[in-house]
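Chemist: Given next are the chains, with one letter for each unit.
2 protein chains.
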Amino acid sequence: MAKNLPVSPLAPASFPDLPKIEGVRFATAAAGVKYQGRTDVMLAVMDPGTSVAGVFTRSKTRSAPVLDCQEKLGGDASAGAAILVNSGNSNAFTGHYGQTSVAEITAAVADATGLPAERVFTASTGVIGEPLPHDRIIAKISELTAGLDPTALEAAAKAIMTTDTFAKGASATVEIDGKTVKIAGIAKGSGMIAPDMATMLVYIFTDARVEQAALQALLSEICDRSFNCITVDSDTSTSDSLMLCATGASGVDATGNAAFAQALETVMLDLAHQVVRDGEGATKFVEIQITGAATDQDAKVHGMAIANSPLVKTAIAGEDPNWGRVVMAIGKSGAAADRDLLSISFGDVLVAEKGWVSPNYREELGAAEMKKEEITIKVDLGLGTGTATVWTCDLTHQYISINADYRS
Amino acid sequence: MAKNLPVSPLAPASFPDLPKIEGVRFATAAAGVKYQGRTDVMLAVMDPGTSVAGVFTRSKTRSAPVLDCQEKLGGDASAGAAILVNSGNSNAFTGHYGQTSVAEITAAVADATGLPAERVFTASTGVIGEPLPHDRIIAKISELTAGLDPTALEAAAKAIMTTDTFAKGASATVEIDGKTVKIAGIAKGSGMIAPDMATMLVYIFTDARVEQAALQALLSEICDRSFNCITVDSDTSTSDSLMLCATGASGVDATGNAAFAQALETVMLDLAHQVVRDGEGATKFVEIQITGAATDQDAKVHGMAIANSPLVKTAIAGEDPNWGRVVMAIGKSGAAADRDLLSISFGDVLVAEKGWVSPNYREELGAAEMKKEEITIKVDLGLGTGTATVWTCDLTHQYISINADYRS
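Chains S and A supply the protein sequences, listed in that same order. Using the working numbering, read the first sequence as starting at 1 and increasing by one per residue. Using the working numbering, read the second sequence as starting at 409 and increasing by one per residue.
I should point out that these hints are in silico values taken from the structure, not numbers from a laboratory. Accuracy of the hints is not assured; some may be wrong.
Claimed, not checked - Just a sample of chain S residues kept apart from chain A, beta carbon distances all over 10 Å, derived:
no., residue
1, P12
2, K20
3, G37
4, A139
5, A336
As the list claims (entries may be wrong) - With beta-carbon atoms standing in for the labels, derived distance ranges:
no., chain 1, residue 1, chain 2, residue 2, range
6, S, G74, A, Q670, 51 to 61 Å
7, A, D632, S, T151, 56 to 66 Å
8, A, T784, S, Y97, 24 to 34 Å
9, A, L749, S, D296, 52 to 62 Å
10, S, D224, A, T793, 30 to 40 Å
11, A, D748, S, P116, 23 to 33 Å
12, A, D748, S, A217, 28 to 38 Å
13, A, N768, S, A258, 55 to 65 Å
14, A, G445, S, E364, 21 to 31 Å
15, S, G37, A, E772, 27 to 37 Å
16, S, I176, A, P539, 43 to 53 Å
17, A, T793, S, A261, 41 to 51 Å
18, S, T173, A, Q478, 57 to 67 Å
Yeah, the Cβ is synthetic: ideal placement off N, Cα and C, and Gly gets one too.
Work out the full structure, taking the sequences as your base and the hints as a guide.
Modeler: In structure tokens, the structure reads:
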């Protein structure tokens with residue numbers, strides 16, 4: 001296990017000031033699930049009337065908490081809700097014992113909060129295949145419920161970290177009908193991602209009122225353009241979870257409101273980019289803009305093929321303007337492409353067009369773009385109007401060190 | 409560009425003795441396409457009556473030589489055939505100029521050999537996006553045709569190398585109707601693979617007589633179980649080419665002969681494994697055996713998901729028996745899986761079964777398997793009768809060094 005990793009060079013300068021979201025309170029505790037000397041459990045409790053939406057990993061070997069959360073989506077919002085997350089153990093591939101752990105924890109949280117167990121959601125992140133010592137978590141629940149605090153979102157962000165090198169938060173406010181609606185979220189994750197030590201968990205809270213089915217539709221739609229458009233290493237966790245809770249405490253109904261959707265997308269993109277910025281071993285933040293594809297879906301396929309290519313990612317690590325590897329990735333993606341209609345730019349430098357290197361391109365122009373910490377690769381397929389933007393990081397020696405040199 | 413790489417630790421002790429295949433002659437030359445002080449062009453000329461079959465990259469940005477070869481498949485076998493390959497420049501993404509280069513080279517070979525240009529096949533491997541200096545190749549054609557030699561297959565294997573750390577050859581003989589039929593082949597490749605320096609090229613020759621359409625069907629079928637079941641880094645070249653030439657000089661008709669097909673598969677698997685053994689930075693040769701999948705296709709999807717997972721490959725590099733990453737790869741593959749029916753073994757060590765770690769498994773047993781140079785990962789899905797075997801190598805610091813630290 002990689003310990004004491006240096007903070008990513010792509011990390012924000014500091015954790016942002018997050019607004020207090022009325023209707024939700026947080027608490028953290030050090031349960032000693034695996035880590036010692038740090039918090040490793042976080043509890044969020046939401047007031048009655050809170051709508052809850054969620055998007056989870058599509059993995060066929062998903063963890064017991066994920067399966068439990070998926071069953072509970074769409075439950076009765078009038079009761080309120082709670083989310084309990086632990087780090088250090090993912091409770092994944094733990095057989096039927098894993099389901100027992102989830103049932104024990106959710107029952108204990110229900111007892112302590114007065115919520116029905118059907119409104120208690122959980123997530124676990126950490127090593128897989130080891131039984132979750134759920135008794136240690138349950139032993140901390142009275143401490144957690146006693147300490148609930150509406151301002152403790154940064155502490156919550158820290159408690160859910162595993163290999164993360166920095167805590168991740170983002171927020172936005174939006175004026176609707178003359179009132180201010182707030183959105184604040186936290187995330188953990190440093191890849192797409194190892195099941196044993198890394199997983200993407202995202203929790204977003206708003207004091208807007210949004211009917212549950214509408215909230216779910218909105219979350220799923222924006223997820224497709226944000227968290228589903230990032231990749232660190234093409235691997236997918238058994239535990240990835242994204243939840244959005246709307247307490248309604250602002251008294252503002254934001255169902256169908258475009259400004260609210262826009263503000264939510266800003267928060268989700270910010271958190272998604274922070275996950276990439278904490279990608280294992282990352283030294284470059286890479287935005288890949290695809291235009292002119294036959295369809296939006298094709299554009300995303302091309303973008304992800306480039307973003308997941310080890311050869312593209314190692315070239316970026318080496319600051320090598322190796323546009324041939326971009327051509328290769330487009331060719332292998334399976335989506336429609338015509339070599340002679342393709343154009344490729346690094347930043348604003350046109351590199352290749354009409355099936356060949358651009359006549360004005362000089363290697364030093366591309367090399368200068370590659371030296372930047374934030375790199376944009378633009379590809380126009382010349383076929384249609386399909387577009388997509390995806391984000392990734394480079395593939396470095398540090399990635400190998402984190403995942404090979406250290407033993408769990 | 410990576411130069412003077414050490415020979416792969418997984419390389420065979422020496423180049424094999426290959427039998428002479430009647431009806432085909434080889435020559436090599438140093439044309440200085442890019443490399444200096446080594447051969448970089450190889451010509452093979454086959455007698456009239458030679459059937460030619462080929463399988464090529466499915467990349468949508470495939471090179472000019474590949475497009476030309478694909479058009480020529482199925483031509484008149486009675487005329488004979490020739491293959492000219494250069495290393496150092498892939499003639500890929502070179503616009504319409506690339507097609508001119510192919511036309512010039514094939515016309516010159518046709519002139520020098522008396523073959524129709526429609527029976528002259530070419531391949532190019534090396535940097536992409538630079539115009540192929542085809543005049544340098546054409547200037548060597550008379551030297552090549554003057555030096556044709558039926559025993560020069562090892563020299564041919566060396567002339568087509570790029571980042572390869574060893575030359576690759578394999579052969580088999582088979583008795584049919586009391587006569588001996590010979591098969592010999594060469595390959596180059598050290599990944600799946602970078603378009604700028606690495607590409608998989610395979611040329612196999614036999615003195616059997618096989619009707620052209622049957623030869624093509626056989627090659628395509630075996631390719632699916634051999635070259636299409638290997639991966640180094642999930643990337644696909646714009647130039648991958650596999651050709652099989654049957655001269656018929658033995659007088660033995662092997663069309664539909666099962667022993668011949670078996671011998672051919674042996675040669676193709678041997679060459680495919682050698683490509684993996686020369687995978688960039690490889691220190692471990694990994695065989696992944698999938699059984700019990702819903703279908704053979706599902707089995708291959710699972711196998712390739714494991715073989716392409718950066719997290720599985722770095723764990724193998726670190727000699728870490730990290731079976732959780734195998735679970736993760738199965739979960740993300742998209743093919744059918746049931747967590748609770750899955751079993752995973754490293755070599756003969758049962759690691760996980762029934763959705764959890766095996767009760768008899770101990771970490772030191774898995775760790776001992778991981779220390780081996782050749783590693784077998786067995787996965788049984790418990791769903792049906794689908795099977796597949798795929799091969800890969802580990803992902804090491806040396807892969808990053810080859811692809812990031814050196815600048816082209």
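Chemist: All hints, please: hold or fail.
Modeler: Cross-check of the supplied hints:
1. P12: 26 Å, holds
2. K20: 37 Å, holds
3. G37: 25 Å, holds
4. A139: 24 Å, holds
5. A336: 7 Å, violated
6. S:G74 <-> A:Q670: 51 to 61 Å: 57 Å, holds
7. A:D632 <-> S:T151: 56 to 66 Å: 60 Å, holds
8. A:T784 <-> S:Y97: 24 to 34 Å: The hinted range 24 to 34 Å holds for T784 of chain A and Y97 of chain S, with Cβ atoms some 29 Å apart.
9. A:L749 <-> S:D296: 52 to 62 Å: 37 Å, violated
10. S:D224 <-> A:T793: 30 to 40 Å: 36 Å, holds
11. A:D748 <-> S:P116: 23 to 33 Å: Holds, at about 28 Å.
12. A:D748 <-> S:A217: 28 to 38 Å: 32 Å, holds
13. A:N768 <-> S:A258: 55 to 65 Å: 59 Å, holds
14. A:G445 <-> S:E364: 21 to 31 Å: Cβ of G445 of chain A to Cβ of E364 of chain S: about 29 Å, so the range 21 to 31 Å holds.
15. S:G37 <-> A:E772: 27 to 37 Å: 29 Å, holds
16. S:I176 <-> A:P539: 43 to 53 Å: 60 Å, violated
17. A:T793 <-> S:A261: 41 to 51 Å: 48 Å, holds
18. S:T173 <-> A:Q478: 57 to 67 Å: About 58 Å separates the Cβ atoms of T173 of chain S and Q478 of chain A, which means 57 to 67 Å holds.
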